[in-house]
Amino acid sequence: MKNSLYHVDREKLILDHLPLVKLTLNRLSHALPPHIDKDDLLEAGIVGLIEAANRFDPSHGSNFASFAKARIRGAIVDELRSQDWVPRSLRKKAKEVEDLYVRLESKLGRLPTDEEMADALGISEGEYSKLMGDMNFVSIYSLEELSELLFDQERDLLESIPDTEHRDPFEEAEIADKVRILAEALGELDERERLVLTLYYYEELTISEIGKVLGRAKSTVSEIHTKALLKLKARLKSKLGKSVDTPSS
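Using the UniProt record's numbering, the first residue of the sequence shown is number 1, and each one after it goes up by one.
Just so you know, the hints here were simulated from the structure itself, not pulled from any lab data. Please read all numbers here as calculations on a predicted model, not as lab measurements. None of the hints are false.
Restraint-style ranges between C-beta atoms, simulated for each label pair:
id : residue 1 : residue 2 : range
1  : ILE181    : LEU108    : 13 to 21 Å
2  : GLU115    : ARG216    : 16 to 24 Å
3  : ILE123    : SER66     : 35 to 43 Å
4  : LEU15     : ASP37     : 19 to 27 Å
5  : ARG194    : GLU11     : 38 to 46 Å
6  : ILE123    : ALA65     : 40 to 48 Å
A virtual CB, placed ideally from N, CA and C, is assigned to each residue, including glycine.
All chains, please: the whole structure from these sequences, using the hints.
Next comes the structure, spelled out in structure tokens:
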């Protein structure tokens, strides 16, 4: 009887949360080129949801929707990596830009401006703005990379911060220190960048919805989002003394 009840609950979890898969995919779609098969990504997301339902333990006190979102996103990102969809030249340029952010931040003692970045790359500010638009694929891997930077392992960044109930005091103190570092790094972004990150990751608006809120074009919001994540990664690398490569997809 217990197994039967568990089976019914598991099925209900999956059926009730199927819309989360499409929602998660829609939130990533702004950074995907037209040729990417969304059906494959949708299937991967459903597999992630099923795995989440199998692994979910309500005794840990976590909310299933939050737990599932991280697994759905992870499954979609893994499927994207397997498709090797980002051109090698663009991955190389993204790595160059990220490394340059870190070097200039170390040299200047602050995050570099767009003008300083463009000068260092030997391009105009307009070309730099276009490059940020071309590099919007960076946002797809952002949470995974920031989590690895902060916690040295793959875990959900947004879940790690509020869940303090089932940790030992040493782990809790370590995570509190990492959260402080993250807060400091976020505080060094400009107000518009912080707002876009807040609306996207915490309010869970899509890039299009943020554009409507801010009265900006979707492409402009995507550029701000990418730039903010690059700056945040560079600042965290500097503060933590680490180096994490851009994913090879």
